[in-house]
Amino acid sequence: MTTHANNERTEPVIHVESVWKSYDDGAIAVLNGVDLTVHAGKTVALCGPSGCGKSTLLHLVGGLDVPSRGSIAVNGMPLDGKRDMVRFMRHEVGFVFQLHNLVPDLTMEENCLLPAIAAGVRRSAAEARLHELAARTGMQDRIHHRIQKLSGGERQRTAICRALMNRPGILLADEPTGSLDERTSAVVFELLLSLTRNDGLTLLMATHDRALASACDHSVVMRNGRIEHGQ
Amino acid sequence: MIFLRLILVNLLRHRIRTLLSVAGIAFSVAAMLTVVTVLQGAIGMFSGILSSGAEIIVFERNVSDLFFSDVAPSAAAQIAAWPTVAHVDPVLFGVVSSTDHPIITCFGVTREDARIAKADWISGGGESFGQAGQVVLGQRAAEFLGASSGTQIPIGHGTFRVAGIIRTRNGFEDGGVFMPLADARTFFHKEGSSVVTVKLHNRDDAAAFKRQVRSTFPNLIALEDAEFSRSYSQFKILKATAWAVGGCGLVLGGLGVANTMIMSVFTRIREIAILRVAGFSHIQIAAVIFGEAAAISLAGALAGLALGSAALLGLKLAPALHGYVDTSLHPAVMLIVVLLALGTGLVGALYPAAYAVRSKAVEALRFE
Numbered sequence: 024m025t026t027h028a029n030n031e032r033t034e035p036v037i038h039v040e041s042v043w044k045s046y047d048d049g050a051i052a053v054l055n056g057v058d059l060t061v062h063a064g065k066t067v068a069l070c071g072p073s074g075c076g077k078s079t080l081l082h083l084v085g086g087l088d089v090p091s092r093g094s095i096a097v098n099g100m101p102l103d104g105k106r107d108m109v110r111f112m113r114h115e116v117g118f119v120f121q122l123h124n125l126v127p128d129l130t131m132e133e134n135c136l137l138p139a140i141a142a143g144v145r146r147s148a149a150e151a152r153l154h155e156l157a158a159r160t161g162m163q164d165r166i167h168h169r170i171q172k173l174s175g176g177e178r179q180r181t182a183i184c185r186a187l188m189n190r191p192g193i194l195l196a197d198e199p200t201g202s203l204d205e206r207t208s209a210v211v212f213e214l215l216l217s218l219t220r221n222d223g224l225t226l227l228m229a230t231h232d233r234a235l236a237s238a239c240d241h242s243v244v245m246r247n248g249r250i251e252h253g254q
Numbered sequence: 008m009i010f011l012r013l014i015l016v017n018l019l020r021h022r023i024r025t026l027l028s029v030a031g032i033a034f035s036v037a038a039m040l041t042v043v044t045v046l047q048g049a050i051g052m053f054s055g056i057l058s059s060g061a062e063i064i065v066f067e068r069n070v071s072d073l074f075f076s077d078v079a080p081s082a083a084a085q086i087a088a089w090p091t092v093a094h095v096d097p098v099l100f101g102v103v104s105s106t107d108h109p110i111i112t113c114f115g116v117t118r119e120d121a122r123i124a125k126a127d128w129i130s131g132g133g134e135s136f137g138q139a140g141q142v143v144l145g146q147r148a149a150e151f152l153g154a155s156s157g158t159q160i161p162i163g164h165g166t167f168r169v170a171g172i173i174r175t176r177n178g179f180e181d182g183g184v185f186m187p188l189a190d191a192r193t194f195f196h197k198e199g200s201s202v203v204t205v206k207l208h209n210r211d212d213a214a215a216f217k218r219q220v221r222s223t224f225p226n227l228i229a230l231e232d233a234e235f236s237r238s239y240s241q242f243k244i245l246k247a248t249a250w251a252v253g254g255c256g257l258v259l260g261g262l263g264v265a266n267t268m269i270m271s272v273f274t275r276i277r278e279i280a281i282l283r284v285a286g287f288s289h290i291q292i293a294a295v296i297f298g299e300a301a302a303i304s305l306a307g308a309l310a311g312l313a314l315g316s317a318a319l320l321g322l323k324l325a326p327a328l329h330g331y332v333d334t335s336l337h338p339a340v341m342l343i344v345v346l347l348a349l350g351t352g353l354v355g356a357l358y359p360a361a362y363a364v365r366s367k368a369v370e371a372l373r374f375e
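Protein chains in written order, with the numbering used here: chain A, 24 to 254; chain B, 8 to 375.
Just to be clear, a hint being listed does not mean it is correct.
Claimed, not checked - Among chain B residues calculated to face chain A with C-beta under 8 Å, some are:
hint : residue
1    : I281
2    : A285
3    : V369
What the hints assert, rightly or not - With beta-carbon atoms standing in for the labels, derived distance ranges:
hint : chain 1 : residue 1 : chain 2 : residue 2 : range
4    : B       : L26       : A       : R246      : 52 to 62 Å
5    : A       : L122      : B       : I269      : 22 to 32 Å
6    : B       : S238      : A       : G143      : 49 to 59 Å
7    : B       : Y362      : A       : S41       : 49 to 59 Å
8    : B       : M8        : A       : S41       : 43 to 53 Å
9    : A       : G223      : B       : M8        : 27 to 37 Å
10   : B       : Y362      : A       : I51       : 16 to 26 Å
11   : B       : I23       : A       : S41       : 51 to 61 Å
12   : B       : Y362      : A       : V89       : 12 to 22 Å
13   : B       : V354      : A       : G49       : 39 to 49 Å
14   : B       : L357      : A       : R206      : 46 to 56 Å
15   : B       : M8        : A       : R190      : 14 to 24 Å
16   : A       : R206      : B       : L259      : 52 to 62 Å
Since the hints were made in silico from the structure, they are not lab data. We put the CB at the ideal spot given by N, CA and C, even for glycine.
With the rest of the complex left out, here is chain B:
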């Protein structure tokens, strides 16, 4: 208890300095938590688009981006005929432009695709989906395009009739255009589809299915949902970026802790000498210094979690980002962020602790 008091006493003695250090860690933690959560949410949404209720994604091997993948219709048909397969959906991804909106995600899908077949329709319906020259819009796309069912909208060099408007919780889909697959193939000059999403009768057959794809279609690759999220290079880049940005923030926070601890040790070198004279070992002296750093880091991490949660809530409520960010906090991310903050603080205390341990008590006692 007194050991703890010894740690807290010094932090409370210099409240402003302590608060600044806690704030440094808190902002770093909040930044890391926000960036990582938003990006993980975005990745989750994107992989949700790809799978859309299916379990396996089949796409062209060795493509740098799914936009460049082209799975032949014959391959999709052959896969659909395999006995282990319950259902397949070929999906073509593309980017289209409209007046004032240069980038709109376009989904070339069939009428049977879950996105259309099980859609929450705001207006119109899926009955006419598939007829040439008709598109379905996500609610947000309809809003920013100023379109309603039955109106004509310009897309690329053509004009399409809005057959209906659907509501979806996925921001990318909500801001997207759904085009009949045949139209999309013509529009994007493709023969097949970007991916084929596959639902199996029995998920346990996934490994056998993947082997079958590999042996039957050497130019294609089949991955399960989680496997795809882990291995897709774009996701890996996004995740690495998120952790790198957050990590930089934490390094800055850690430097703040290091500065605080150095000041703390320098200004009470005499007090540290008193502890030495009282019989404190090097380990006990270092434990006091590391304890202070840990207290600052933990306080900062907790404040950062609160701050980050508030920031994420703010993003979630922002109308412009509606549906685009998944702000659910993952316990694993929270734990990693807290541990990183703690680790950073302790690393920041290494030099001050070494200095405190190496200082000669007799010289420090002369220090006024």
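Isolated chain A, as found in the complex:
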């Protein structure tokens, strides 16, 4: 089944075709023939119960893993051995995880600057971008705070800033509010949506929260490694 989480007037930026993923020589099948197309500037929620393959699909789209079968193209180019994956991860996609995945002993500023350092961005330009993102996420007073001193919501906002540091076109979010309380979760999700919509980013987000999914442009329901239906 091919699911078009799309608006046909825009270009497809993510194209997943008959993707299978299994582990232990096929003993553990996680994805069983997934087709998905996501168009530019859209926010798409991947819904479904735990273990249905949402995170695995995100990892494959983000280039963190490779499919057992099938193909994935992002921004019109396949994710295969010919693609410069380091450049892809630096400039084309940003990740936000359920567990914020920040370096705990560094400050908010240092964590956010990591992608810029990796990409060789000039320090002044990187700092300007950091201050812009900090202002937009309400973190301007927390820039020099170490991660251990930040609340869960602040840590997730830091993770969002880091993901957007190098201005990627696609944001991949894996249960971005999964570790937050209800109120903080709503605030962080609103922030995520407003940032992506204002900047015209494409958001592909894994969530088991139907309420959050309904706020996205499209939602795709997964079950047992397959896409059950999309709307």
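Based on the hints, put chain B in the right spot on chain A.
Then chain B, alone, in the frame of chain A:
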């Protein structure tokens, strides 16, 4: 700057582990520095004994040790007559024993030898040196033999009168006995001398002098000071031993760094995955790991230099070793030791860096 912070943060996060690794390198560096410096000092002193202000040493070719060399008096006399030669000193080296002191270095020298002619006399004088049955003692030899000028001391099967006591900065000479060359020849049953030290009118004539020795005396060899120090097999063995002992220490230190780095990588494999997701390349990830190893090694090397210097100072001040060890630190040795420590640390980080680079980010992100 943040790259540096990334390196330091992890080292500071596990302070005890880092300190143990730094200590491992520091002790290795200190051991290497101490052993190499002491032995180089000893070699320097020994070659100083041989040359004693001269520029060239002539001795018997193909002898395993200078104690076995025998340069005929006629050869020494012939060399002294060459126009390029300003002065020659035949010197006979031997080992003598006395009551409670089985090994004392003995120098069979003439009255004109710089060691006697320019000696710093504590008692007695060189006027009577050369008379049969008289010896001059170094200050330290006089102390451990309990001798003073005018007393009789037993050496081997004979008894000698102490004609004087001299002070010298060279530990071997300070703990030695100076015997008139003729007496020494009789004592050691030799016809000539172990070496002939030669001072030239013009040092530029050294090459021509060496050629002349080779053509005139095929059984002898002439070497300049530095050349002798480099080629003398005993010195080569000592130097090799020093570097080998120090090297073993460094290998142990390097294993400590490797262990630390392996632990460091294993315990923060998730953090390394975060860097990968943030766009760090394999080279950048490896640079973080190698940076940590380099920081540990450099800190260890600096601490080791301080520790080694303190140890050398302690040796220098130890009364029992007075004059026997030259503890001057050579910048070249310090640099080599630091570079070796750095190299060892980086080699120790090879496997951890390879592991970090090869680890799959997606698996590491699942790692709790």
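Each hint, compared with the structure:
Interface hint at I281(B): satisfied, since its Cβ lies 5 Å from the closest Cβ of chain A, which is below the 8 Å cut-off. Checking A285(B) against chain A by beta carbon gives a least distance of about 4 Å; that is within 8 Å, so the hint holds. Against a cut-off of 8 Å between C-beta atoms, the interface hint on V369(B) holds, since the closest Cβ of chain A lies about 4 Å away. Our hint of 52 to 62 Å for L26(B) and R246(A) holds, since their Cβ atoms are close to 53 Å apart.
Separated by about 25 Å at the C-beta atoms, L122(A) and I269(B) satisfy the suggested range of 22 to 32 Å. In this structure the supplied range 49 to 59 Å holds for S238(B) paired with G143(A), their Cβ-Cβ distance being about 53 Å. Between Y362(B) and S41(A) the C-beta distance comes to about 34 Å, which lies outside the given range of 49 to 59 Å. Take M8(B) and S41(A): their Cβ atoms lie about 47 Å apart, and the range 43 to 53 Å holds.
For G223(A) and M8(B), the hinted distance range of 27 to 37 Å is satisfied, since their beta carbons lie about 33 Å from each other. Between Y362(B) and I51(A) the C-beta distance comes to about 25 Å, which sits within the given range of 16 to 26 Å. At about 53 Å, the CB distance of I23(B) to S41(A) agrees with the hint of 51 to 61 Å. At about 20 Å, the beta-carbon gap between Y362(B) and V89(A) stays in the expected band of 12 to 22 Å.
The hinted range of 39 to 49 Å is satisfied by V354(B) and G49(A), whose Cβ atoms lie roughly 40 Å apart. In this structure the supplied range 46 to 56 Å holds for L357(B) paired with R206(A), their Cβ-Cβ distance being about 49 Å. Distance hint for M8(B) and R190(A): a CB-CB separation of about 22 Å, consistent with the stated range 14 to 24 Å. With their beta carbons about 57 Å apart, R206(A) and L259(B) fall inside the hinted range of 52 to 62 Å.
Hint compliance for this structure: hint 7 is the single one not met.
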